[in-house]
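Chains as they are written, first to last, in the UniProt record's numbering: chain P, 1 to 238; chain R, 1 to 238.
Be aware that one or more of the hints could be misleading.
What follows is a list of derived Cβ distance ranges for each label pair [what the hints assert, rightly or not]:
no. : chain 1 : residue 1 : chain 2 : residue 2 : range
1   : P       : Arg207    : R       : Glu216    : 44 to 52 Å
2   : R       : Gly162    : P       : Asp34     : 37 to 45 Å
3   : R       : Lys29     : P       : Phe45     : 40 to 48 Å
4   : P       : Arg121    : R       : Gln94     : 31 to 39 Å
5   : R       : Lys142    : P       : Asp34     : 12 to 20 Å
6   : R       : Ala209    : P       : Ala184    : 41 to 49 Å
7   : P       : Arg150    : R       : Ala188    : 40 to 48 Å
8   : P       : Gly222    : R       : Lys142    : 25 to 33 Å
9   : R       : Glu191    : P       : Gln94     : 48 to 56 Å
Just so you know, the hints here were simulated from the structure itself, not pulled from any lab data. All residues carry an ideal CB built from backbone N, CA and C; glycine is no exception.
Number of protein chains: 2
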Amino acid sequence: MLTLHHLEASRSIRVLWLLETLNTPYEIKHYARDPKTRLGVDAAFSGKGLAAVHPLARSPVLTDGELVISETGAIFQYLLAHYGGVDIAAKTQQAQELSFWLHFSEASFMLHLMPLHYANRAGVLTDDGSSAQEAIIARGLKVDIEYIERTLRANGGSLLGGGIGPADICNIFGLEMFAAMTGARSAAWREKLGLAVGPEIQKWLERCAAEPAYKEAQKKEGDCKEALYVSKLFKQPS
Amino acid sequence: MLTLHHLEASRSIRVLWLLETLNTPYEIKHYARDPKTRLGVDAAFSGKGLAAVHPLARSPVLTDGELVISETGAIFQYLLAHYGGVDIAAKTQQAQELSFWLHFSEASFMLHLMPLHYANRAGVLTDDGSSAQEAIIARGLKVDIEYIERTLRANGGSLLGGGIGPADICNIFGLEMFAAMTGARSAAWREKLGLAVGPEIQKWLERCAAEPAYKEAQKKEGDCKEALYVSKLFKQPS
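Extracted from the complex, chain P is given alone in its bound form (with noise of 0.2 Å):
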């Protein structure tokens, strides 16, 4: 049995969207986040919760019978290459890009996201974007976005074209979380530092959020009643 071990408010949204599109059981593990600090509540190597799974205490993680899966672009490629008949090696041009935007959607995307993150939760980020710091941050990310909204543009509306499927399902995380951020700063900071959403990722954050796949996601997730789900994330504790 498929068994995903799910940090609330996390990534790990993915791969439960994911496991919703394919047609094969599963079980959720529900892991909670510290009200007060919105860390997971698991410490690494303290063998207890998510820890007892895998030492990281990191969320996703997937088990299939006794065998542990971490990271989640190599949980997307096993499931995709066990439960969805996707070779993510295959020599052709659409496997190598969805191969692409798996590995992209962390090794790309998140990596040029998280410093702008920890800037913000050490309240170092300025009114205007007019820091050094911000402006070494906004170099890759700005990048990332005209990327993005050129793809889409290209393949009509989703990054591999022919519908949203998992290169999206992956990138879903990354793309909520810098549409919160970015949203949250002045007009003047997004048109300093040129990070803004895009009109055809605006576009495909609408068509994500409509598809019945990620809305189930979302139930099972725990009830969202927020626009992006990824806000919960950036709530501030009461």
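Since chain P is already given, all that's left is putting chain R on it; use the hints.
Chain R only, in chain P's frame:
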């Protein structure tokens, strides 16, 4: 014919090293960095140089005849599948561990290291690691480093056991970068943040540096006289 589109002093060195371990012909096309900014000279979407191979103008890109493969992890998977006889999707823990490390290198480790790199470039790191931002940056990195240290200890000095292999090769750039960056900080800074190369990682770095295929890769990159290959990237321009 396989062609590696290789930006000097970049994470592309890992693909070059991997190619040196595979029994297949390939060629290297070299791309330069701007000596002042240390950025690649080809702007994204410019259609010139690296951007003529892939619009993002990032390195590495592998071409295999007409096929274009981008993102380091995707390139590793492709090369391992077609030129290394490795099925990354196999339902074995060993295959899934390899898949994990190929994603971890960028999607976890570099993702956690990049905020430190950006903060360093922006000149906002403190002498003693006492800022709120540094504490936030350190959290994920510390866990990564401890996990690598534990894994190397458990597996006899390589990430998957059985000697230096693709999992190690894929992680060399991030760990050399971590060693160069933390080595340039004060002992007080390293102690405060818990960010330092441990004994297992130190031995692993030395073991990697002694690998004939890595030496050959560095030679093909262009002679490197630095103790750590990656330190070239952090040299101040003259």
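Here is how each hint holds up against the structure:
At roughly 48 Å, the beta carbons of Arg207(P) and Glu216(R) sit within the given window of 44 to 52 Å. In this structure, Gly162(R) and Asp34(P) meet the distance hint of 37 to 45 Å, their C-beta atoms being roughly 39 Å apart. At about 43 Å, the beta-carbon gap between Lys29(R) and Phe45(P) stays in the expected band of 40 to 48 Å. Judged by the Cβ atoms, the range 31 to 39 Å given for Arg121(P) and Gln94(R) holds: they are separated by roughly 37 Å.
Between Lys142(R) and Asp34(P) the beta carbons are some 18 Å apart, a value that agrees with the proposed interval 12 to 20 Å. Between Ala209(R) and Ala184(P) the Cβ separation comes to about 45 Å, which falls inside the hinted range of 41 to 49 Å. For Arg150(P) paired with Ala188(R), a C-beta distance near 46 Å keeps the hint of 40 to 48 Å intact. In this structure, Gly222(P) and Lys142(R) meet the distance hint of 25 to 33 Å, their C-beta atoms being roughly 30 Å apart.
Against the hinted window of 48 to 56 Å, the Cβ-Cβ separation of Glu191(R) and Gln94(P) comes to about 50 Å, which satisfies the hint.
Checked against the numbered hints above, the structure violates none of them.
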